[in-house]
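**Student:** Sequences listed follow chains A and B, in order.
Residue numbers for the first sequence follow my numbering, so the first one is 1 and each next one is one higher.
Residue numbers for the second sequence follow my numbering, so the first one is 326 and each next one is one higher.
Rather than coming from a laboratory, the hints here were simulated on the basis of the structure.
Honestly, I wouldn't trust all of these hints.
No more than 27 Å apart at the CA atoms, straight line, and that leaves these computed lysine-lysine pairs for DSSO-like [what the hints assert, rightly or not]:
| no. | chain 1 | residue 1 | chain 2 | residue 2 |
| --- | --- | --- | --- | --- |
| 1 | B | 619 | A | 137 |
| 2 | A | 260 | B | 366 |
| 3 | B | 458 | B | 436 |
| 4 | B | 592 | A | 260 |
| 5 | A | 64 | A | 16 |
| 6 | B | 344 | A | 149 |
| 7 | A | 137 | A | 149 |
| 8 | B | 629 | B | 337 |
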Amino acid sequence: MSDALLEISDLRTSFKSESGYMNAVAGVSLSLRAGETVGLVGESGCGKSVTSLSIMQLLPKTAKVEGSIRFQGKDLLAMKEPDVRKFRGNEISMIFQEPMTALNPVLRIGDQIAEPLRMHKKLSKRELHDRVIELLKQVGIPRPEQIVKEYPHQLSGGMRQRVMIAMAMACEPKLLIADEPTTALDVTVQAQILDLLRELQARNNMALLLITHDLGVVAEMCERVIVMYAGKVVEEGDVRSVFRNPQHPYTSGLLNSIPKLIGERERLQPIRGNVPSLANMPPGCRFAPRCPHAKDICHTNHPSLLDVEAGHKVSCWMAEEVAAR
Amino acid sequence: MSDALLTVSNLKKYFPIRKGVLRRTVGHVKAVDDVSFTVQKGETLGIVGESGCGKSTMGRSILRLIEPTGGEVKFENTNLTKLSKGSLRTLRQKMQIVFQDPYASLNPKFKIGTILERPMQIHGLYTPAERRKRVASLLERCGLDPSAAEKYPNEFSGGQRQRIGIARALTLNPSLIVLDEPVSALDVSVQSQIINLLEDLQEAFSLTYLFIAHDLSVVRHISDRIAVMYLGQTMELAESLELFEAPLHPYTQALLSAIPVPDPDVKRERILLRGDLPSPANPPAGCPFHTRCKDAKDICKTKKPVWKEVRPGHHVACHLYS
Chain A
1 MSDALLEISD
11 LRTSFKSESG
21 YMNAVAGVSL
31 SLRAGETVGL
41 VGESGCGKSV
51 TSLSIMQLLP
61 KTAKVEGSIR
71 FQGKDLLAMK
81 EPDVRKFRGN
91 EISMIFQEPM
101 TALNPVLRIG
111 DQIAEPLRMH
121 KKLSKRELHD
131 RVIELLKQVG
141 IPRPEQIVKE
151 YPHQLSGGMR
161 QRVMIAMAMA
171 CEPKLLIADE
181 PTTALDVTVQ
191 AQILDLLREL
201 QARNNMALLL
211 ITHDLGVVAE
221 MCERVIVMYA
231 GKVVEEGDVR
241 SVFRNPQHPY
251 TSGLLNSIPK
261 LIGERERLQP
271 IRGNVPSLAN
281 MPPGCRFAPR
291 CPHAKDICHT
301 NHPSLLDVEA
311 GHKVSCWMAE
321 EVAAR
Chain B
326 MSDALLTVSN
336 LKKYFPIRKG
346 VLRRTVGHVK
356 AVDDVSFTVQ
366 KGETLGIVGE
376 SGCGKSTMGR
386 SILRLIEPTG
396 GEVKFENTNL
406 TKLSKGSLRT
416 LRQKMQIVFQ
426 DPYASLNPKF
436 KIGTILERPM
446 QIHGLYTPAE
456 RRKRVASLLE
466 RCGLDPSAAE
476 KYPNEFSGGQ
486 RQRIGIARAL
496 TLNPSLIVLD
506 EPVSALDVSV
516 QSQIINLLED
526 LQEAFSLTYL
536 FIAHDLSVVR
546 HISDRIAVMY
556 LGQTMELAES
566 LELFEAPLHP
576 YTQALLSAIP
586 VPDPDVKRER
596 ILLRGDLPSP
606 ANPPAGCPFH
616 TRCKDAKDIC
626 KTKKPVWKEV
636 RPGHHVACHL
646 YS
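Build out the structure end to end from the sequences listed, making use of the hints.
**Tutor:** Here you go:
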C-alpha cells in the first residue's frame, strides 16, 4: 500500500537473556492508513506492547530491533536518535495503561502537558499557557485553569488518563498509539474515554493503533483488527469479517471464551493450556500445543500469513490446505 | 426464608479519617453503609460496582477479616458479629475466601503442599498422611498435577496460581466461599477455564458463592442473583438475567450500557455518566447517585431512597419507584 501512514515489515524484537536472545516479536508486518483505527489484540506476553514500544523506540538497549518501520515513507529504525525525537511525541505519540505511573508525580499537570510543546513547537510563554488550557478543555477536564497547577495524585484515574491524552494530543500527531488506554479504568469511565478518543480522532484525522485485550473495545472502536499470539500475527482483517467469520482457531477460541451479555447462558469454551513462555516456544505454529485442530505439520512448520478473502489474512495450516485445493 | 446460608443486615464499615498531631477523628469514609441481603444455600450472589464502591470491604467485613462498624451477619443460625475470637476461628472452616491477585496471595517461600496443608494443621484436622492425600486430590480436582505440591509458587502461571488459591479455599470443606475478583488478573482464555472450574466445584461440593467482580459479563454468567453497589450502598438486587434485561435503577442502566459488546453489529444507546465518582468520605446527601443521575428530582437531593422490593425478588433503592 502506497498510501500507508505506518508500514511495519518483518519486525523482530528480541531481548538478550542468559540463554541467548528471546524473540518477543517474531516477524510482524502491519500497516495503517491515515485516519484509520486498527485494533491490536492478544493476551499478555503476545508481543503487542513490545511492538508499540519498538515503533516508538522506547525499548532498553538490551533489546535488538530488526526489520523496518516506515512512517510516511521514512524508516524510523535507520534513523539516529535526534531524528527519531523529531517524530516521537510530535508526529507519533503514545498513551499508556497506567496513568499514575506514566505521569511524573512531582511535576504540575500544566508543565507536563507543556513539555512536548516546548520540545517541538516554538511558542511564547503566553501561547504555551493558552494551548495547554485549550488542550485540557478539549479532553473534557473541568476547571482547566486550576488543574494546570495541580499534581497527578490530586486527580482521579479517569482524569489522569484525560491528562495523558491531552499530552499526547499536544502536537496534533498523525498517529496515536494507545496501549490498553482503558484497562485500569471502570466501565463507565472507559466509555467516557473511548468516546473522547473517537471524537479527537475524527477532528484531527488521526490514525489510532489501539492495543487491547478487550474484544468488546475492538468491536466498538476499530475498523480493522490484528490478532497476535506469542509474538506473531495470526489473523488480520476487517473487524466485521474477523468477528463474524474467524479463521484462526485462536481467534475463535478467544471469542468463545468470553461470557455473553445477551441471551441464554451457556457453558464457556476455554482454550486449554497456557500461553507458552518466550524461552520455550514451540517450533511450528506457536498455537499448536493448545489448538484443538492441530495436525502433525502444525507442530513442525510455521504457516505463512495467507489471504482468505479481500483484506482478511490468516496464518494457519487449515487455511493453507483450503488454498492448496 | 429458611434455607438462607448467610443473612447480612444493615452492615456498616466506616473507616475513621484522622488528622493532626492528636490523630483526632475528623470524619469517616463510609465504605459500606447499611447493606442488607441474604444468600441462599447453593446459590451464587454476584456483587458488582466500580472501584471504591465498597464491594471488597463488604466481602471482608462479612468474614470479619476486618471488623464491621455496625450491623449483623448471620451464618446459618449463628450471629458472627457477636462471636468470640475462638468460636469465630472454628466457624471460619465453613467460610473461605479467594483473592484477586494470585501473585500476592501465595507465600513465595513455601511449597504448594505446605501452603495447602496449613489450614488443616491449624484446625487440627486429619493425620499428616491424610493431609498429603487430600492435598493431592484437591490439586487434581482443580486441574493441576499432584506433583505441584513439591513446587514453589513462582513456578506457576497466573491461572495455575489461582487454581492453587481455590484448592486452598477448599481444604477445610467450606460451605461458603467469598470470591473477591477471582478472575480479574487473568487473561481471557485462562479466565474462562477458571470460571468453568468454579462452576464444577460448586456442583461437586454444593458450595455457596459470594462473587465480587467488576466485570459485568463474567458476573452475569456465573451469578444467580446480582447486587449492584454504588458508594457503599446497594442500589439494586435482582435475578441475574432480569437485571440485565430490565434494570430499574438509573445507575444500573448506565453501568450496563457502558459495557463494550464484542459484536461489531450491535449498536447500543449509551448512557454516558457525567463526572467522577464522588468521594466516599463526603458522599452526596440524599441518594448517593443523584449528582450524576439523569432522572434526579428534588427529593433525590435531600431524602435517601428506601430499599424496596418492587417486583418479586427485585429490590431497588430509588425514588423513581416509590
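**Student:** None of the hints should be skipped; say for each whether it holds.
**Tutor:** Checked hints:
| no. | hint | verdict |
| --- | --- | --- |
| 1 | B:619 / A:137 | holds (23 Å) |
| 2 | A:260 / B:366 | holds (26 Å) |
| 3 | B:458 / B:436 | holds (16 Å) |
| 4 | B:592 / A:260 | holds (15 Å) |
| 5 | A:64 / A:16 | holds (8 Å) |
| 6 | B:344 / A:149 | holds (25 Å) |
| 7 | A:137 / A:149 | holds (15 Å) |
| 8 | B:629 / B:337 | holds (16 Å) |
Checked against the numbered hints given earlier, the structure satisfies every one of them.
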